[in-house]
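Those protein sequence lines, which keep their order, are chains B and C. Numbers 1 to 260, taken from our numbering, label the letters of the first sequence in order. Numbers 1 to 260, taken from our numbering, label the letters of the second sequence in order.
Careful, some of the hints might be misleading.
Note that the list lumps identical chains together, so a pair holds whenever it fits in one copy or between two copies.
[To be verified] In silico DSSO-like cross-links for lysine-lysine, where the CA-CA straight-line distance does not exceed 27 Å:
hint : residue 1 : residue 2
1    : Lys177    : Lys220
2    : Lys181    : Lys255
3    : Lys255    : Lys5
4    : Lys30     : Lys255
5    : Lys177    : Lys5
For the record, the hints were derived by calculation from the structure and aren't laboratory data.
As a plain string of letters, each chain reads:
Number of protein chains: 2
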Amino acid sequence: MSALKPLILVSNDDGITAPGIRNLVAVASKLGRVVVVAPDGPQSGMGHAITIGNTLRLNPVDIFDGIEAYECSGTPADCVKLAKREVLGGNAPDLVVSGINHGSNSSISVLYSGTMSAAIEAGIEGIPAIGFSLCDYGHNADFTHILPFVEQIISEALQSGIPPGVTMNANFPAASKGPIKGIKICRQARAKWQEEFDKRLDPRGREYYWMVGSFVNLDKGEDTDEWALANGYASLVPCTYDLTAYAAMPFLNEKWQLAR
Amino acid sequence: MSALKPLILVSNDDGITAPGIRNLVAVASKLGRVVVVAPDGPQSGMGHAITIGNTLRLNPVDIFDGIEAYECSGTPADCVKLAKREVLGGNAPDLVVSGINHGSNSSISVLYSGTMSAAIEAGIEGIPAIGFSLCDYGHNADFTHILPFVEQIISEALQSGIPPGVTMNANFPAASKGPIKGIKICRQARAKWQEEFDKRLDPRGREYYWMVGSFVNLDKGEDTDEWALANGYASLVPCTYDLTAYAAMPFLNEKWQLAR
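With these hints in hand, go ahead and build the complete structure from the sequences.
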């Protein structure tokens, strides 16, 4: 293996045995030297959680045809932190890729996404990073139609670069929607999850809930990730970790009466 | 209790028995009708995690002198979702307040913060919301010096309003730093956590890790939350849930060679 090949760290949130990460490792291996550090079980919906009140385990596994890989007991963000400090000895990889997630992480779901938190964690560290998600929650989802596009995006990230502090959120329509028409650079659609709770009784007669919800797109824009995905395109949203709502500052400075 | 009083939902991430939420309930009760829905145990560092692969419990508790309160087995974001759907019957409260957190949630910590995720979850729903944090991790932290400022901020949020979709992140210096000089509207400082991992051996001789880290401020700006806190002021950062890095779009559209 050439020492000139870029070092690509691969993680995810569905767990290290998920088909999605196997597909991503296969693509990344064509473009660089790959190291995998991923959760030892499902961590979907973990958002940007980190493990601070508990301990972490990190164990080598040999499930990727000889590629260096470790399973971690923590969250996706933990995986990236541990990878950098303990696996790579404090050296930053050239690129972090996360996924391929079994399910959409478009629009507002970026906030809940463990897949994207691994990528954004790298972004905070100044490492170029991309999260990949397929809009198909099935464990046996078909990834073949998106792999050439995943390869193209990784290749562009390595060759053209990603602006400092920016993390890319790539989502792809499910195979059932037909061939991917192309890739659109998009903004995050304004949307929300409309939650419902399925209330049940446990065997001891006590109430518990399952969260169920439906996605509600509130955004009619044709420059959004939701529009791209609904129209057969892959969506690519550049994301920042600076949550400051700059547009709100004049209002607050003028209207809020505060002891300054 | 007057029906005209605004309805204020209170949550946190340190758990419903933490001193910080008791202080926040006391202040909020002066300004509105309060309902508490908070985690049944510590959920620090949970980021915007939600519970999708497991069930949720929600049980009434009577620990706030007759104020309606529920403990929830889920994350802070779960608490807000359950509160709206199940406790308030689908009706939005007039304001959501979260905290007062035992520890800073300034700068980049907003991403890891369960306190802020409860508030941002409300923001996504279009509900005005504020997260409050004291830069003192102690369980017995002194909150008295910040309570008049917490009251002023809640009062302004109710009277002057918060722009739609914006969520406020309020942080306060510890009591040991002296009286609060005032409140500054700030942007999120550019910073990161420099993690170290304390590697140990368990009683069976196997390795495990504790994450430890130090905060590194990379931002010399005097308009940041870190500057305000370091100089004796409370910081108030308006936050958005739109992560789109708009400034990166021209570069990507020009430089990235993609199948469009």
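Output the indices of the hints that this structure fails to meet, ascending.
Number 5 only.
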